[in-house]
Amino acid sequence: MKLNELTLKESIDALDKKEVKIEEIYEDLDQVYQAKNKDLNIYLSVNKEALNEAKKASQKPLRGLPIAVKDNFCTIGLPTTASSNVLDGFMPAYESTVTKKLKENGGVIFGKTNMDAWAHGSSTETSDFGRTLNPRNIEHLPGGSSGGSAAAIAADMSIAAIGSETAGSIRQPAAWCGTVGFKPSYGRVSRFGVVSMASSTDSPGPLTKTVEDACLLLNAFAGPDERDATCNVEKSPDFTSFIGQSIKGMKIGVVYQDVKEIGETNQKLLQELNILKELGAEVEIVKAMDPHHAIGVYTVVQRAEVSSNLARYDGIRYGKDRSFFGEEGKKRIMLGTYTLTKGHADQYYNLAQKVRTLYLENYKELFKKYDILVSPTSPSYAKKIGASLDAAMFGELEDMLLEPSSITGLPGINVPFYRDETSNLYLGASFVAPMWKEESIIKVADAFEKNTKWNSWRNK
Amino acid sequence: MPYKLVCGLEIHAEVKTNSKMFCSCKNDPFGAEKPNIYTCPVCLGMPGGLPVANRKAIELTIKLGLALNCQINLFSKFDRKNYFYPDLAKGYQISQFDIPFCHDGYIDTSEGRVGIHRIHLEEDTAKLSHQEIDLDGDGELEKVTLVDFNRSSVPLIEIVTEPDIKSATQAKEYGQKLRQIMRYLDIADCDMEKGGMRLEANISLRKESRTELPDYKVECKNINSFKFLEAAIKFEIDRQTEILQNGSTPIQETRGYNPSTGKTFSQRSKEDAADYRYFPDPDLPPIEFTQAEIDTIKNKIGELPDAKSVRFTKEYNLNEKSAKDLTINRTESVFFEEVLSLAKNESLECQKVINSLLNKKIEFSFEEKAADVLARFKTATTSDTVDTKELQITIDKVLSANQDAVDKYKAGKTAVAGFLIGQVMKELGKKVDIAIVREQLVASLS
Chain Z
1 MKLNELTLKE SIDALDKKEV KIEEIYEDLD QVYQAKNKDL NIYLSVNKEA
51 LNEAKKASQK PLRGLPIAVK DNFCTIGLPT TASSNVLDGF MPAYESTVTK
101 KLKENGGVIF GKTNMDAWAH GSSTETSDFG RTLNPRNIEH LPGGSSGGSA
151 AAIAADMSIA AIGSETAGSI RQPAAWCGTV GFKPSYGRVS RFGVVSMASS
201 TDSPGPLTKT VEDACLLLNA FAGPDERDAT CNVEKSPDFT SFIGQSIKGM
251 KIGVVYQDVK EIGETNQKLL QELNILKELG AEVEIVKAMD PHHAIGVYTV
301 VQRAEVSSNL ARYDGIRYGK DRSFFGEEGK KRIMLGTYTL TKGHADQYYN
351 LAQKVRTLYL ENYKELFKKY DILVSPTSPS YAKKIGASLD AAMFGELEDM
401 LLEPSSITGL PGINVPFYRD ETSNLYLGAS FVAPMWKEES IIKVADAFEK
451 NTKWNSWRNK
Chain P
1001 MPYKLVCGLE IHAEVKTNSK MFCSCKNDPF GAEKPNIYTC PVCLGMPGGL
1051 PVANRKAIEL TIKLGLALNC QINLFSKFDR KNYFYPDLAK GYQISQFDIP
1101 FCHDGYIDTS EGRVGIHRIH LEEDTAKLSH QEIDLDGDGE LEKVTLVDFN
1151 RSSVPLIEIV TEPDIKSATQ AKEYGQKLRQ IMRYLDIADC DMEKGGMRLE
1201 ANISLRKESR TELPDYKVEC KNINSFKFLE AAIKFEIDRQ TEILQNGSTP
1251 IQETRGYNPS TGKTFSQRSK EDAADYRYFP DPDLPPIEFT QAEIDTIKNK
1301 IGELPDAKSV RFTKEYNLNE KSAKDLTINR TESVFFEEVL SLAKNESLEC
1351 QKVINSLLNK KIEFSFEEKA ADVLARFKTA TTSDTVDTKE LQITIDKVLS
1401 ANQDAVDKYK AGKTAVAGFL IGQVMKELGK KVDIAIVREQ LVASLS
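For the protein sequence lines, the chains are Z and P, in the order given.
Anchor point for the first sequence: position 81 equals 81 in this note's numbering, and the numbering is continuous, going up by one each time.
This note's numbering runs 1000 ahead of the 1-based position in the second sequence.
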């Protein structure tokens, strides 16, 4: 077994027991990077100082282990482009709170990963620097927008990774690449220094090989930040403390959306959820609000915020002017500008906010009865390359099942629950909990993961 | 005049806080030694920079609102005002749209009440300066625009009145009172020359008989003194009267004021007003206050100039003019009150004490102790007695020795009386009450 295939937890344990040396882990990692990165197009830049930094971090919680970071986190000394030509060559003079905390806790940035330009998309096909391929099957897309980070995990090209989600951008690529992707509650993790997409839903989070690994990373970078006014002021719990807990008596609602495209996935998930029943949880099917409305809310709110957030890239302060925006960016800026225009705001933006409130109320009702809700993460398997190119609402449809929880800020996770033998592609389960209740997610997702046969690392 | 003025003012003032509105950079754009030294990713609008609202600036805004008799919104928020300009780092300004911190207040002027429509808080923009610089060293000057971000995101308060202002003098008085109150509360320095306080007037005219608002308005911008404000309004009244008398309607537009010509000039037509696409800033959670918190702020306001001046007239038996003069500035008013209260304790006539201070008969500085100043007053005004006979002898002596002055006086140049009084005093060699000397001298001259 190559050392780059270790989980974060296994790596820490192996280092502590002196079974391996940090140099050896980097060596194996470098090999796979050299062999595969050119084809898979996962990393846009790599940190040449990684090993040196790692050696100095051996006493810290993350032991100097290599972490892949999505290219929308500002990092001193490494370019930050958000996969857009507009920011090509931009070297921030400041560090995002997430990467700052990551470093303080002994994480080392191995490299910056590809993404949909400005995080606009669910395919990593809209990157101005070329698409990333799905390491599980290179004829397929990795999903997105954190597709580079998900692919880095699936390809064992990092020990763990960081992404960001606005609506599905962590969980959907995790599902398509067969990894864990954890979107914490909105405000659990600071957005400072993350290139803004839709400020009201942007949530940084981990993409990892296991649920426990995700908790280790969250422990490093979650928590209050005085530089982000929307960040929760309360201290975060020790997320790893919820690992290995009993789920006996927990009430789990299966959100069964009767949509044709999800049919097969729904059936497979229902079958796999028997695991939770066997572990003593109560599992029953529930009816939730039609997710299609959430697509509308998300589309309107996200475009509006995007049009404003991207206004600063006007060519005055940064070298490249607005003509460097890709098609998707331009489309979103124009749509957002339109929805905020006088006379249209009530029809679009303000209406979207009202529907958002309806989803909040729907969740409030559901969580009176259930500790946690589960559904497929994505309607089906990873789509083929090129699938996003002529589909205007590609991401919105692929993320349909995640958007209700995104627009309401709830925490959610993807855990792989099935692998197709022929295509080697995965299906993922999405667990969603009430605001700040990452605890419930971790308990259930960890128990589920440990009892399925679909985790490609745990069951090696 | 067949038309009457309809005028409202929009006044911006930079708020006195230690740090900027949405980041921790120093708020000192005028004191900065160099351009662009008080900057960070947030006020430079760098990718991923996030605003965090300055609580102190919000409290000062509410304090001003309370001082101006406003209603306070316990729930408020910040909104994005989207537009492009090279001085606007983010491509939007964080301001307040539909829920300002304060609304519906007023300031009373001698020409009537001026309603305050709203007071809101926003961030200032960077400062542009247009210069000619030899950029490439070829000896030729190139026209460039430089941007100084020291001012970017400095807290800026905006006070908008109702269209209640009926004259140019009332506009000026309102502005002066507002500035006085902001200085009293230590909210803003209001240094107009540097741009710490900026005036905009919305000016239109309507027929005497009408009460509805005119269907146009002219916005006068870039006015940096109250004198110019008054002049600009007067100029606009004349200009618009002429247009209206010719049967036309003045164009809805933004005009500037040129102090050297005393005229306003067209800057841009406002017929297709900009759409700022306001929406709540998703980076900033709404701001909520409890009534108790508002009351705490209210208790910090203290006595305002109008109230203090009325109290001075009652408590120290001063005339209205003096009371107003003493209360122009808060720290000075505190000094004057110390003097007044000592004077009152010693049963001195307060008006007399104040007259001698305001007329500079008694030299003093605000750094002195009030007791020392009062002591000087007492020494200076203690008069020796003189009997009428002795005085008359001296007067006669002085008059005969100064026949020229006597002739001038009789020819109507009464100002020479002062010289003659001086001569009498000198001759007497005593400190006597000037009023007595003047009375007897004038009697002798007529």
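Hints in this document: simulated from the structure, not taken from any laboratory.
A hint or two may mislead.
Subject to a maximum C-alpha distance of 16 Å in a straight line, what follows is the list of computed EDC-like cross-link-like pairs (lysine to aspartate or glutamate) [as the list claims (entries may be wrong)]: (1) Z:342 with P:1275; (2) P:1314 with P:1275; (3) Z:251 with Z:284; (4) Z:342 with P:1349; (5) P:1127 with P:1275; (6) P:1016 with P:1189.
Since the structure is predicted, the reported quantities are computational estimates derived from the model, not experimental observations.
Out of the numbered hints, which ones does the structure contradict? Those not satisfied are hints 2, 4, 5.
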